[in-house]
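*Asks:* So the protein sequences, as listed, match chains P and V.
If you're matching positions, the first sequence starts at 4 in this note's numbering and goes up one per residue.
If you're matching positions, the second sequence starts at 4 in this note's numbering and goes up one per residue.
Source of the hints: derived by calculation from the structure; they are not laboratory data.
Accuracy of the hints is not assured; some may be wrong.
[Unchecked claim] Listed next, the stretches of chain V that the computed footprint assigns to chain P, with coverage defined by at least 3 CB atoms under 8 Å from CB atoms of chain P: (1) 144 to 157; (2) 257 to 263; (3) 446 to 457; (4) 463 to 469; (5) 498 to 506.
Each residue gets a CB set at the ideal place from its N, CA and C atoms; glycine is no exception.
Number of protein chains: 2
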Amino acid sequence: MSLAHTLTGRHLIAGEWVASAGAGVRAVDPATGVPLEPFFYQAGMAEVEWAFHEATEAFRQTRSLPPEGRARLLEALAESILALDHPLIARAQQESGLPEARLLSERARTCNQLRMFAELVREGSWVEAVIDTADPERTPLPKPDVRRMHMPIGPVVVFDASNFPFAFGACGGDTASALAAGNPVIVKAHPAHPGTDEMFAAAALQALRETGLPIGMFSLLHDAGPEIGAALVKHPAAEAVGFTGSLRAGRAIFDLAAQRPRPIPVFAEMGSVNPLIILPGAMEERGEAIADGLAQSVTMGGGQFCTKPGLAFYVAGEPGERFKARLTERIATTGATTLLNASVAIGYREACGRIRSAPGIEILYAGDASGFADFTPSLYQVSARLWREHPELREEAFGPSALLIRCDSLKEMRACVETLEGQLTGTIHMGAAELQTASEFAEILSARVGRLIFNGYPTGVEVCHAMVHGGPYPATTAPQTTSVGALAIRRFTRPVAWQNAPDLLLPPALQNANPLKIRRMVNGEWTDRAI
Amino acid sequence: MSLAHTLTGRHLIAGEWVASAGAGVRAVDPATGVPLEPFFYQAGMAEVEWAFHEATEAFRQTRSLPPEGRARLLEALAESILALDHPLIARAQQESGLPEARLLSERARTCNQLRMFAELVREGSWVEAVIDTADPERTPLPKPDVRRMHMPIGPVVVFDASNFPFAFGACGGDTASALAAGNPVIVKAHPAHPGTDEMFAAAALQALRETGLPIGMFSLLHDAGPEIGAALVKHPAAEAVGFTGSLRAGRAIFDLAAQRPRPIPVFAEMGSVNPLIILPGAMEERGEAIADGLAQSVTMGGGQFCTKPGLAFYVAGEPGERFKARLTERIATTGATTLLNASVAIGYREACGRIRSAPGIEILYAGDASGFADFTPSLYQVSARLWREHPELREEAFGPSALLIRCDSLKEMRACVETLEGQLTGTIHMGAAELQTASEFAEILSARVGRLIFNGYPTGVEVCHAMVHGGPYPATTAPQTTSVGALAIRRFTRPVAWQNAPDLLLPPALQNANPLKIRRMVNGEWTDRAI
Chain P
4 MSLAHTLTGR HLIAGEWVAS AGAGVRAVDP ATGVPLEPFF YQAGMAEVEW AFHEATEAFR
64 QTRSLPPEGR ARLLEALAES ILALDHPLIA RAQQESGLPE ARLLSERART CNQLRMFAEL
124 VREGSWVEAV IDTADPERTP LPKPDVRRMH MPIGPVVVFD ASNFPFAFGA CGGDTASALA
184 AGNPVIVKAH PAHPGTDEMF AAAALQALRE TGLPIGMFSL LHDAGPEIGA ALVKHPAAEA
244 VGFTGSLRAG RAIFDLAAQR PRPIPVFAEM GSVNPLIILP GAMEERGEAI ADGLAQSVTM
304 GGGQFCTKPG LAFYVAGEPG ERFKARLTER IATTGATTLL NASVAIGYRE ACGRIRSAPG
364 IEILYAGDAS GFADFTPSLY QVSARLWREH PELREEAFGP SALLIRCDSL KEMRACVETL
424 EGQLTGTIHM GAAELQTASE FAEILSARVG RLIFNGYPTG VEVCHAMVHG GPYPATTAPQ
484 TTSVGALAIR RFTRPVAWQN APDLLLPPAL QNANPLKIRR MVNGEWTDRA I
Chain V
4 MSLAHTLTGR HLIAGEWVAS AGAGVRAVDP ATGVPLEPFF YQAGMAEVEW AFHEATEAFR
64 QTRSLPPEGR ARLLEALAES ILALDHPLIA RAQQESGLPE ARLLSERART CNQLRMFAEL
124 VREGSWVEAV IDTADPERTP LPKPDVRRMH MPIGPVVVFD ASNFPFAFGA CGGDTASALA
184 AGNPVIVKAH PAHPGTDEMF AAAALQALRE TGLPIGMFSL LHDAGPEIGA ALVKHPAAEA
244 VGFTGSLRAG RAIFDLAAQR PRPIPVFAEM GSVNPLIILP GAMEERGEAI ADGLAQSVTM
304 GGGQFCTKPG LAFYVAGEPG ERFKARLTER IATTGATTLL NASVAIGYRE ACGRIRSAPG
364 IEILYAGDAS GFADFTPSLY QVSARLWREH PELREEAFGP SALLIRCDSL KEMRACVETL
424 EGQLTGTIHM GAAELQTASE FAEILSARVG RLIFNGYPTG VEVCHAMVHG GPYPATTAPQ
484 TTSVGALAIR RFTRPVAWQN APDLLLPPAL QNANPLKIRR MVNGEWTDRA I
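Extracted from the complex, chain P is given alone in its bound form (with noise of 0.2 Å):
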């Protein structure tokens, strides 16, 4: 199968492609400051009315649908994203900087993803079928007969992300969740990728087409500027929002979402500094062979990663000092990385410039930059004392680059971790000797972050049943949430009880019968018979 789609630069609402008034933008090669053809435009709020008239209609229409046509829908969008073929990675590649080999297995994974969720709806018991049978002979009342499912809430607003234009893309993670969980979708396309994006919605729009559901189930605007992100918030028919990006950018949207008169819930992703520990037996024993790991974990995709290490802590000693020097010689010779786009690369030397300008900042190497967005990277380093002493030295410096934290002692690298802040990760390499030591700093970051990893980096994140990508604020707005994996599929729902139903009456998966054979718990039991 191949799906051939031309650029049009326009907006797709409900299976047409909409070209609004006004001004407009074009996409820039980050490789070159070139900018491309086509010229997008950009939505109105003529546009945003549009499209929440039409996801909410579709929403009317799917709810109750089996969730049978939800995973074909998936499915086939993972089909069509494949059937893109080649102009789909060279428009990315062009858009975002990125190399081939990484779009390549980037489009793996956002295929895998629908297909996990495809699975997930399929099988069914992802909506948590929970039954408490009739007791009418209880004193001093009878029981009711009451059950409850997870059901969709409704249109769902998603931002695209810069750094994965296709896993937290228009049809990446978020959308994914949301369309699985049973709900319409209206994509905020990234300015710095309009291209990518228009052709995942031409993906979406022959998926829907396919698989027969109303067109009205996925929108696509564009837009430069905030307006119609924040006109998309505050829109009284969304009923949530997924976002990854700026810890600035989450907040606003935050921010937007909760002073509406009907508050919504805002999932955004908005990065971390992800410390690792490496305690001092893990040095002796293998510090060079951390420093290798750790500095392909900095330097990986231009260190435009979520989860990239930002943050190394270690103690003071001459294991650590050639731990240093091999980190160093490893950061030196990484070659150059084009950085996702103009954006990126102005926030990436601000952050830069404020760890440089920090007093008592050591620069074990100075990356540099050259052509329009094109960076070697940098390691610094910094005592304990002052990093404690500068909360600037905690923000997250978007790109190549990492800060060494040299404690004099344990104690003092235990006091230094206590003071974080949420992260999405949290790392640790111990000795073979080190697990009371160890057990001590898990007890500590796990209190902090989303995910603990041991002797091993954060980067690259499981698509998996049991991952947790998310964390306390300010890696998220949603702590008790994640944005990959099985569970991401909650954010996008809420629990429906229905008490004393006739059968009929009950969403199948609530049926006596149980008809679609899931999972249930029922009067406290799991199983998957019928009642």
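Assemble the complex: chain P is given as a structure, and chain V must be docked to it using the hints.
*Replies:* Coordinates of chain V only, in the frame set by chain P:
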């Protein structure tokens, strides 16, 4: 066992009964308007700091303790509450005006709730342990071992509700579920029943002492105004808020929490009008029985239930006239109730005034007020057309009244129901041959409510696994949760993942041997076996 507690008027902070400087307040007997002894101190910022300091320290000590201790704490708390014996009932009766029989049954529910959570915690599967084991041979990248579970979050602020001084009181559902999840609790006492609260605090202290858990796990602070509540919500160490009460207060707390430098979730249950729909067939078959049931549901507990059916929709006609006459008669012959406190009485008087002054309102029965806060119930009626034009007729009237909406047709009734905002409950009365019509209304209502009831009444919230006591805003600020039933525990947790952790560093729930013998998802399959 007996627990004698003489009221002190003091706060409880980490086991100490604390008197604070400055102003104070007395409870008032709503049956007489007479202030009650003793004088209760109002907390200041020093008490807030102290309570959080102790809560944070208690959390540090208990966060990773085995669940058995928490189960025993909840059971001991239920025992201590019973041990408070008649003086608790007598004080609550004096402070709330609620009759003894109601308080006895509410006490039973409160203790059952604590025991249900104890059972849930001891059984242990509620943590949703999910394990994906490693596959080092996978290409292109080895698959890591990832394991997740729900973990407690830290100090939870609980606002005690006025209308259920036991079940949603200082040791009610929010406190029970927060403690069950492993969190310390700081309760803001309700100024209408501070003595009842103090007795519950004494029970909590006794339970903490008996089970040897840190006494900082539970504190109780008094305040007559909003200052201490606001300070608790804004405190940097607070992690979540549980609240049951009015829309105005709930929204104010939500706004404060959203505006924090680090926002925290607010689980506010703010009531609703709980629409009840009577389909024509049901009206024909048993309109008078429905009138009897509805009258009881409206006036039960003085109509001071979050789930009181405040609006009832029916189609005009002869059976409807008979229903209306019967309902009016039932309402007219229901005796007076003492409302909970002066503030509830004032609010109810205002709400009735608002309804009575709306154009086209028929006053079917005008209840009246006597004494300090004694009201007989009222019944109003309005046409569907006028109801749709007057948004003030959608607001909750917290007290013993209901508003009938007379529709000219089923179509008009459907049009009304489609305009309803979020509700805790919706109820449908259907006749034997109305499956199709009921299904259409169920579809509309289930998108707007937390719980949908058939041929019954919404008052009386069963504490069971399947219960949902929640719903879209403005019923709650957190539609994805429930404040009653087993699922309520999830509000005060967040998922944490461990990647490639040595078995000994994993929480017991995630260890290979499954020492807690809980049900876990291992590589996509649910099992209670070891790995």
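*Asks:* All the hints need checking, so say for each whether the structure fits it.
*Replies:* For each hint, the structure was consulted:
{"no.": "1", "hint": "144 to 157", "result": "holds (count 9)"}
{"no.": "2", "hint": "257 to 263", "result": "holds (count 4)"}
{"no.": "3", "hint": "446 to 457", "result": "holds (count 9)"}
{"no.": "4", "hint": "463 to 469", "result": "holds (count 5)"}
{"no.": "5", "hint": "498 to 506", "result": "holds (count 8)"}
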